[in-house]
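Add chain B to chain A, keeping to what the hints say.
If you read the protein sequences in the order shown, they are chains A and B.
Quick note: the first sequence, position 109, residue 111 per this note's numbering, numbers continuous.
Quick note: the second sequence, position 14, residue 339 per this note's numbering, numbers continuous.
Cut-off 25 Å, straight-line C-alpha distance, at most; resulting in silico cross-link-like pairs (DMTMM-like, lysine to aspartate or glutamate):
| id | chain 1 | residue 1 | chain 2 | residue 2 |
| --- | --- | --- | --- | --- |
| 1 | B | K410 | A | D87 |
| 2 | A | K177 | A | D38 |
| 3 | A | K46 | B | E431 |
| 4 | B | K429 | A | D77 |
| 5 | B | K401 | A | E51 |
| 6 | A | K148 | B | E381 |
| 7 | A | K46 | B | E413 |
| 8 | B | K410 | A | D38 |
| 9 | B | K410 | A | E139 |
| 10 | B | K429 | A | E82 |
| 11 | A | K46 | A | D77 |
| 12 | B | K410 | A | D77 |
| 13 | B | K429 | A | E51 |
| 14 | B | K429 | B | D440 |
| 15 | A | K46 | B | D426 |
| 16 | B | K401 | B | D440 |
| 17 | B | K432 | A | E51 |
| 18 | B | K410 | A | E82 |
| 19 | B | K410 | A | E164 |
| 20 | B | K432 | A | E82 |
| 21 | B | K429 | A | E164 |
| 22 | B | K410 | A | D171 |
| 23 | B | K432 | A | D87 |
| 24 | B | K410 | A | D169 |
| 25 | B | K410 | A | E129 |
| 26 | B | K410 | A | E51 |
| 27 | B | K410 | A | D170 |
| 28 | A | K148 | B | D440 |
| 29 | B | K410 | A | D138 |
| 30 | A | K148 | B | E413 |
| 31 | B | K432 | A | D93 |
| 32 | B | K432 | A | D77 |
| 33 | B | K429 | A | D93 |
| 34 | B | K429 | A | D87 |
| 35 | B | K401 | A | E82 |
| 36 | A | K46 | B | E422 |
| 37 | A | K46 | B | D349 |
| 38 | B | K410 | A | D93 |
These are calculated hints, taken from the structure and not from any lab test.
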Amino acid sequence: MNTLLRGIAVLAVTGTVSLLAFSLPSGEARGDGGDDTLPRLTHKAWQQECGSCHLAYAPSFLPKASWRRVMGGLDQHFGENASLDPATRADILKFLEANAADAGPSRMGRRVMQQMGPKDAPLRITETRWFVGKHDEVARATWSRKSVGSAANCAACHQRAEQGAFDDDSVRIPK
Amino acid sequence: MIKRLFCSSLATLGMASAVALAADTPGSLMARYAQAAGVPVAALSATNGAALYRTEHPGRNAQPVSCASCHTANPKQAGRTRVGKAIEPLSPAANPERFTDAAKVEKWFRRNCQDVLQRECSAQEKGDFIAWLSQAK
Chain A
3 MNTLLRGIAV
13 LAVTGTVSLL
23 AFSLPSGEAR
33 GDGGDDTLPR
43 LTHKAWQQEC
53 GSCHLAYAPS
63 FLPKASWRRV
73 MGGLDQHFGE
83 NASLDPATRA
93 DILKFLEANA
103 ADAGPSRMGR
113 RVMQQMGPKD
123 APLRITETRW
133 FVGKHDEVAR
143 ATWSRKSVGS
153 AANCAACHQR
163 AEQGAFDDDS
173 VRIPK
Chain B
326 MIKRLFCSSL
336 ATLGMASAVA
346 LAADTPGSLM
356 ARYAQAAGVP
366 VAALSATNGA
376 ALYRTEHPGR
386 NAQPVSCASC
396 HTANPKQAGR
406 TRVGKAIEPL
416 SPAANPERFT
426 DAAKVEKWFR
436 RNCQDVLQRE
446 CSAQEKGDFI
456 AWLSQAK
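Extracted from the complex, chain A is given alone in its bound form (with noise of 0.2 Å):
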């Protein structure tokens, strides 16, 4: 009896443990894979909430401060309401600033920050000197088109961008 009694004990410790290491590394980063691959992230709330309007952009392509100027201001989400339960927004921030461009080892991050004064906080990711100077080739007629939209679109010409890889083959600018 009291062998069955530890070993539940121990079951249910083991159970406990296992329970938490799953879900304590919520969006960590598993390894960046190449220049221009982003680490998987696999934030819950980062995915389905910033995600269900446009890609949910990686944390790494802003520094801290700016995401928390996009996280306080979601009632005017660029001319939308994109407000979220003070739970939730403070969840997505949290592993926002964790993974941010200017927190984490991730080597776009590092990219993005080079060009940015340290003061800086843009709002916008397509108005970093990164994301100007990378995309200085395309046209801003091409922008516009309806099959892209706007520059907020990633995946219109990045075919695989809900993978987070931006390399320039799985480039396809649509007509």
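The following block gives chain B in isolation, referenced to the frame of chain A:
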């Protein structure tokens, strides 16, 4: 004792997941909104719901906006966000996941009524809206 603790925590887990899985339905949401509006469910109007969906309002840059601007004139079709991402159909007949999560429904009414009507929608309007969408076969 440990066994009892373990069993009761299992039971609690079970209850928690049952609550998480307890799905709302278009019907249960209509009942809830009708009650909040203080009217019987039968007083919800699909006609008014359709009008709410289609009526255009002055939007940004003087461009008229309606629900149909993003969800298209036919809610059984996929729509498109302003950024260009696809929106799954709004009609439960075309997309059974619609109106099965009260918190999600409230979130989008809150956001989109503000964007399109520049105000919140009333409980009656929300009920009318679902009444219309769930009647379309």
